[in-house]
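Protein sequences, first through last, are from chains A and B. For the first sequence, the working numbering assigns the number 6 to the initial residue and increments by one for each residue that follows. For the second sequence, the working numbering assigns the number 35 to the initial residue and increments by one for each residue that follows.
It should be emphasised that the hints constitute simulated quantities derived from the structure, not laboratory data. We put the beta carbon where it would ideally sit given N, CA and C, even for glycine. Treat each hint with caution, since some may be false.
[Unchecked claim] Residues on chain B that point at chain A, a partial pick, calculated with CB under 8 Å:
#, residue
1, Ala58
2, His67
3, Leu81
4, Pro91
5, His100
6, Val102
7, Thr124
8, Leu128
9, Arg130
10, Leu131
11, Met132
12, Gly134
13, His212
[Unchecked claim] Dumping the calculated DMTMM-like pairs for lysine to aspartate or glutamate here, alpha-carbon to alpha-carbon at most 20 Å:
#, chain 1, residue 1, chain 2, residue 2
14, A, Lys83, B, Asp236
15, A, Lys83, A, Asp149
16, B, Lys110, A, Glu157
Spelled out from the first residue to the last, the chains are:
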Amino acid sequence: MLHVTNTYDGDPESLIDADGKRSDEWSECLALIARKEDRAAFTRLFRHFAPLMKAFALSGSTLSANHADELVQEVMLKVWQKAGAFDPQKAAASTWIYTIARNCRTDLFRRLQKFDTPLSAEDVSDTQDSEDAFVLLHQKRSRDRVRALIRELPGEQAQILAKVYMEGKSHSEVSGELDIPLGTVKSRVRLALQKLQIQLER
Amino acid sequence: MSNFHPDLDLLTDYAAGSLALAQAACVSIHVNHCRRCQRIAGQLTDLGASLFEALTPVAVGDTQLHAVLARLDDEKPLEYARNKDDASATPAILQRLMRGDFSDLNWKNIGSTLRISYLKTGDPDHEFALYHIRAGGRIPEHTHRGTEMTLILEGGFSDVNGSYHKGDFLIRRPGDVHAPTALQSEDCICLAVVDAPLKFTDWKFRWMNPFLKLRTA
Numbered sequence: 006m007l008h009v010t011n012t013y014d015g016d017p018e019s020l021i022d023a024d025g026k027r028s029d030e031w032s033e034c035l036a037l038i039a040r041k042e043d044r045a046a047f048t049r050l051f052r053h054f055a056p057l058m059k060a061f062a063l064s065g066s067t068l069s070a071n072h073a074d075e076l077v078q079e080v081m082l083k084v085w086q087k088a089g090a091f092d093p094q095k096a097a098a099s100t101w102i103y104t105i106a107r108n109c110r111t112d113l114f115r116r117l118q119k120f121d122t123p124l125s126a127e128d129v130s131d132t133q134d135s136e137d138a139f140v141l142l143h144q145k146r147s148r149d150r151v152r153a154l155i156r157e158l159p160g161e162q163a164q165i166l167a168k169v170y171m172e173g174k175s176h177s178e179v180s181g182e183l184d185i186p187l188g189t190v191k192s193r194v195r196l197a198l199q200k201l202q203i204q205l206e207r
Numbered sequence: 035m036s037n038f039h040p041d042l043d044l045l046t047d048y049a050a051g052s053l054a055l056a057q058a059a060c061v062s063i064h065v066n067h068c069r070r071c072q073r074i075a076g077q078l079t080d081l082g083a084s085l086f087e088a089l090t091p092v093a094v095g096d097t098q099l100h101a102v103l104a105r106l107d108d109e110k111p112l113e114y115a116r117n118k119d120d121a122s123a124t125p126a127i128l129q130r131l132m133r134g135d136f137s138d139l140n141w142k143n144i145g146s147t148l149r150i151s152y153l154k155t156g157d158p159d160h161e162f163a164l165y166h167i168r169a170g171g172r173i174p175e176h177t178h179r180g181t182e183m184t185l186i187l188e189g190g191f192s193d194v195n196g197s198y199h200k201g202d203f204l205i206r207r208p209g210d211v212h213a214p215t216a217l218q219s220e221d222c223i224c225l226a227v228v229d230a231p232l233k234f235t236d237w238k239f240r241w242m243n244p245f246l247k248l249r250t251a
């Protein structure tokens, strides 16, 4: 279920201080963990993100409640261990945490299917490592825009995006599940991405 | 900078983490070398994060929190630093799968111009193979029974639809027929990920069809 409550203006992610640094609560928690192994900061992060991770683990999947709990623990432990690698200039804290959750969930699925592979989901995920100030600013703007516009998507488009992302379903799986043609799934995803102004060309 | 890229559907599935492992590996090698696709994949991942934050939370008890707190002092697993791919080196993912370089691989000759080496990704549904086509060499005309992703790692090739160079990403759908020819100037090495074996339509090579099997895992 999509349930968007955060408002654009009040969004802490959009606060940028004088040095152009992102100064939001979650980035600060990650910095405190990295610098001082701050358990109080970790607990704040846990209370906010663990329930989202559990929802993500259970989204349209076949994971049992035990596996979902195992995933939450694994992801939170990784957040603690990797906090030093988080760079607030390059990514939003929530995106960084979501990426870890997404990769761990994919790896868990593969483990449960007894995949024997030398590659982890992290190995094949993209690295956002641009140093270019213009690129970083562009990314930041696009992120704020997506957050603002996502609340205005028509229900059927939001539903399909949620299935693709939160349930990790391919376009053709979504088509089978909702019993609508593959072409319709694709066009709804495309319309949604257009509305969010995610464009192929600048 | 390449001219042929994964389409938006594919990048969306990639950013959502729902592509099959072998396909995700192929897309990631392109994305890590292509600023345009990196930018789009970044936006699509941010979109995923927005959807993640909008989920209805499911209660997690304090027992769980304490279980994690108790594990914080555990030894960190050894992480090999992910070396950033630079344009001239063999992509890191391939290095992991190859042990050595292209010349150390176990190549199978198919005729005089083409040789193929199968790499093991563990993906049970996709073949992940390197194709080495000698400069100017032509791959016999064939059709695709399934979907084929091709990423050019070295050199380039052309077919009736155009010519393709290092970094270009192509996707062929079932029924697409072509006969790629490597550029005259240098050998071509490309990565091909397929979910069904090729089928030669060139009559001289048709006898091979019954022997073409998908080599996965």
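Against the structure, the hints:
no.: 1; hint: Ala58; result: 4 Å, holds
no.: 2; hint: His67; result: 11 Å, violated
no.: 3; hint: Leu81; result: 5 Å, holds
no.: 4; hint: Pro91; result: 3 Å, holds
no.: 5; hint: His100; result: 10 Å, violated
no.: 6; hint: Val102; result: 5 Å, holds
no.: 7; hint: Thr124; result: 15 Å, violated
no.: 8; hint: Leu128; result: 11 Å, violated
no.: 9; hint: Arg130; result: 6 Å, holds
no.: 10; hint: Leu131; result: 7 Å, holds
no.: 11; hint: Met132; result: 11 Å, violated
no.: 12; hint: Gly134; result: 14 Å, violated
no.: 13; hint: His212; result: 24 Å, violated
no.: 14; hint: Lys83(A) / Asp236(B); result: 53 Å, violated
no.: 15; hint: Lys83(A) / Asp149(A); result: 26 Å, violated
no.: 16; hint: Lys110(B) / Glu157(A); result: 42 Å, violated
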